[in-house]
Amino acid sequence: MLDGILQGLNTAFLPINLLLLFVGCFAGTFIGMLPGLGPVSAIALMIPITYGFDPSSGLILMAGVYYGAVFGGSTSAILINAPGVSGAVATAFDGYPMAQRGEAGRALALAAYSSFCGGTIGAVFLLIFVPFLAKVSLSFQSADYFALMLFGLTAITAFAGKGQVLKAVLMAVLGLMLATVGEDPSGIQRFTFGITDLYDGISFLLLSMATFAIAEALVVILRPAPVESEQSSQDVSFKALGSMKLSKEEVLDVAPVVGRSSVLGFLVGVLPGAGATIASFLAYGMERNLASLKEKLKFGKGSLRGLAAPESANNAASTGSFVPLLTLGIPGSATTAVMLGALLSYGVQPGPRLYIDNPAVFWSVIISMYLGNVILLVLNLPLIPYISRLLDIPKQFLTPIILFLSLIGVYLVSFNPFDLVMMVVIGAIAVFFRVLNFPLAPMLLGFILGGMLEENLRRALMISDGSLAFLWERPITASILLITLATVLIPQLLSMLRKNS
Amino acid sequence: MNLLNIKLFRTQYTKTSLRILFYCVFCSVVPAALGSDRLHFLIPGGAGGGWDTTARGVGEALTRSGIVAGASYENRSGGDGSKAIAYMIETADRQKNTLMISSTPIILKSLKNIFPQSYKDLTPVAAVVADYGAFVVKADSKYQKWQQMIADYQLDPRNVRVAGGSVIGGMDHVVAAMALSKSGTDAKALRYIPYNAGAKAMVGLLSNETQLLSTGLSEAIALAEQGEVRILAMTAPARLSHAPSIPTLQEQNIDLVFTNWRGFFGAPGMSEEKVSSLQDSLGEMYESKEWEEIRTQRGWSNLFIRGKEFTEFLQAQESEMAILVDDLGLR
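First to last, the sequence lines map onto chains A and B. So the first sequence is numbered by my numbering: it starts at 1 and just counts up by one. So the second sequence is numbered by my numbering: it starts at 1 and just counts up by one.
Below, computed lysine-lysine pairings styled on DSSO-like, alpha-carbon distance capped at 30 Å:
id	chain 1	residue 1	chain 2	residue 2
1	A	K135	B	K200
2	A	K135	B	K138
3	B	K289	B	K274
4	B	K112	B	K308
5	A	K245	A	K294
6	A	K248	A	K296
7	A	K296	A	K499
8	A	K135	B	K142
9	A	K135	B	K145
10	B	K96	B	K274
11	B	K142	B	K200
12	A	K499	A	K301
Computed beta-carbon distance windows for the label pairs:
id	chain 1	residue 1	chain 2	residue 2	range
13	B	K274	A	I356	51 to 57 Å
14	B	P268	A	F193	23 to 29 Å
15	B	D186	A	F191	32 to 38 Å
16	B	E290	A	L9	32 to 38 Å
17	A	N437	B	R94	46 to 52 Å
18	B	R94	A	V169	48 to 54 Å
19	A	A478	B	K142	25 to 31 Å
20	B	A238	A	S464	38 to 44 Å
21	B	R94	A	L222	40 to 46 Å
22	B	K182	A	L9	53 to 59 Å
23	A	L45	B	G269	33 to 39 Å
24	A	F191	B	K274	38 to 44 Å
25	A	I356	B	E287	35 to 41 Å
Treat the hints as calculated values from the structure; they're not laboratory data. Beta carbons: idealized from backbone N, C-alpha and C, even for Gly.
Using the sequences and the accompanying hints, generate a full structural model.
This is the structure:
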């Protein structure tokens, strides 16, 4: 194993490969910043370019692009509330409010540090536990995934402020309903009203762009800007926007969050049916539940913990998703599916024997992925003050640019004009919800989890021939469900106790 | 200083937006502006999928071997593939050099009357690659032979739950049902568990959730070679040169051959000369070493059917599946 690692390191540190890594990270960051273009499209764009390359160089370039695009996605989520990748949705919850407060530089820096730590912890786990983890990734069945998704839904409590619980639940239900549009697993069209454009359902990208980016831009237009205060707030932001300083207390406060979220994220990432998005939501929900009452109130309003948790979790999960890919050749997500295609085109067949027969390739994949993570930090930290100055652009220019980029981003993926109409309509409805103070995050959460929740529930029921026994027959299912119940009930019980005393 | 930065950022941002704008304009203009020695591929699904890799693989072989001057690709997903068909029909006069890639599931969808338009409205050009159905068990499964599995299924269909990467009534389901009914069992009793992708269905098999997996041979072969799973049977007419150890259904006395073809269609009303020149190009590509390289790398089986035979092949496959879809009550 050590030989393999050394050999991998050797290849990765060739000057040409380091250069490729830099180029990849840089290109990836810019591609990822465009809402709509995420790691999947960035890697897909790179595959034809790397055909002539030597496999390890190609992989290294890909690793750079991958991490660059992930970071770019977080950047647009933080700066303009446009999470183009589902893994970055939870980043926007606290990252965008921070940027609004004029702390864009700090938010971006924290995002970079937490992703780096998440990636590092993930890589260390990968190094130690690979042979063992292959089994873990196959230990989950549909019933367990169902329980996990249900647990994920408890994260909606994190978005429910005082007296908002009912609204949050309603919005989550709306999200679940939107997820049912399109062809269901038994091949029947639901809620498509004969419109072929709806056969595939509503795309996540469209919904998140419409409810986050477009709605935000429209609200900015609608809100009459108080003239004098804008002047003063801009004076503040000139200095603060680019500052990346985190105080010692803040670092100490966030460190355990990063640690916990990375471990959780990695474990979720290892499961081929879950992935980075679920990981980021679970970490966000977990941190909010663990936080003190005072800290809880800050979540969703620019909490450092609320930003660090999903960022470290989704990066650790991306690293974790390499476990099923490399040990079984099974892609757990769209990104790993594209990576699998790339590996195959280099003649690398991932699977249980890759680790034994071809350790050099195995380790060079892992090491180059990790190097991507390191280079990203080196490259992007100095860029942050400049990137965050984006918000210096006066609103009358920035808002149309955001609208333009979000619409184009969605169009570039589907080339379907219908999507643009749908986006504007959903955006307008979302503005309505925002004015009435309905939180939109639970809707997106419901939408993301809804599809998987239904599929896994259906499968679990089919496998148990319609009996509900699957809920308690397997220890994994039962324990996740118990944790879910505890998460929902314990805060209620505590508050009841407090009232009584 | 501040002013400078703002300026810097404005220009950078404008550049990015300009680049996107350029990209959009470029994309929408390209298909129309193509010369006749260039080909445009319309892909009804997203990047990285089966249709996408096949179209790009063919395009690459054609350009690298110098048969066509260049190829461009357009992913037009939506409506489960029906958006692309509708688009081909609506813009037929602009699609003189366009090939749309398609495959077997499109026949199933037409049978179930899901699409407002059918592949029959398009001009069939040629099938280029084939994949076959494979029936897979975990390496530690008690089934060594197809018949052992059938015996267990006959005792109780619940003994053999079948995973597949398509919806109920989709291709993996129909192929499994065809094999079971040709083996003399009641295919209606089949417990088919749908997953949203072949890889996910494979996870279902490996996590002991199901006992059998119905999938494409190309998707199962790598794991079979590495000893994680065993392929009980596959639906090719004879054993394949790149996988000689995998038995066919036919040699186990089950009379079923099923080919999942991937092939190309042109716009409605494409002229006969154009069709035959496209077919010639594809035939020429078949002889090239570039194609051989790409094909073996991706694990595709050669299947070149052109002209009238392609149409007849499509009709035969449609009528075979129609009977089963009716029997299963899926229409």
